[in-house]
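Those sequence lines, one after another, are chains A and B.
Counting in our numbering, the first sequence runs from 14 upward without gaps.
Counting in our numbering, the second sequence runs from 5 upward without gaps.
It should be emphasised that the hints constitute simulated quantities derived from the structure, not laboratory data.
In this text the structure is predicted, and so the values were computed from the model without any measurement.
Honestly, I wouldn't trust all of these hints.
[To be verified] Where chain A lies over chain B, by a calculated footprint (3+ residues, C-beta under 8 Å):
(1) 38-52
(2) 65-74
(3) 106-120
Glycine included, each C-beta is placed from N, C-alpha and C at the ideal position.
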Amino acid sequence: GQSLEQPSEVTAVEGAIVQINCTYQTSGFYGLSWYQQHDGGAPTFLSYNALDGLEETGRFSSFLSRSDSYGYLLLQELQMKDSASYFCAVRSNYQLIWGAGTKLIIKP
Amino acid sequence: EAGVTQFPSHSVIEKGQTVTLRCDPISGHDNLYWYRRVMGKEIKFLLHFVKESKQDESGMPNNRFLAERTGGTYSTLKVQPAELEDSGVYFCASSQALGKHYNEQFFGPGTRLTVL
């Protein structure tokens, strides 16, 4: 089967750093994406890693290790507006296979 | 630039009825995707259009679902007849055809479908 595993919930403090992990098992792999979704809203693209290593975009970074079938999203200098659900998704051929999402709770 | 739009935002129908969802992608985006999220579960891929052609429809649950993209612009997803398990949020997304932005999918706000 095809599956992605990520924690269901993570809690952090405003201003801190948090890492959301994602492990995957899929029949095909082109790359790993991360999306953010605020309650009731549309998923918003954050990053895409096709190659091993770290990609940085402002306060957010994403990492991929294809040999370990593992990736993570790193959020720095957390702000209250970062409270949302974060999804990892594997691009397998033409489709995205999604994890169940990690709810990030940020406390002041 | 207008984003991906979906209509309606909500739909409540009875089992056995027909519902048609519409998606207008970002202008110029050849790729159009449909996804569904059933309550409490992960987002599931339904199908992928490249222009008017179905590139991958392996995620369509059964033949009660019919997607079209005539002319390669907007797309419709028809459910006929609707069943209780079809309830959920249906998302549409689009992306550019080529280049580094191919993997950046822009999502619409979704249509929340409730089948009673």
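Taking a Cβ-to-Cβ distance below 8 Å as contact, does the segment 106-120 of chain B have at least three residues touching chain A? Satisfied; 8 residues make the cut.
Taking beta carbons only, do three or more residues of the segment 65-74 of chain B come closer than 8 Å to chain A? This one is violated; 0 residues, fewer than the three required, reach chain A with a Cβ under 8 Å.
Take the segment 38-52 of chain B, compare each residue's beta carbon with every beta carbon of chain A, and decide whether three or more fall closer than 8 Å. Answer holds; 7 residues pass the 8 Å Cβ test.
Hint 2 alone, counting from the list given before, is not met by this structure.
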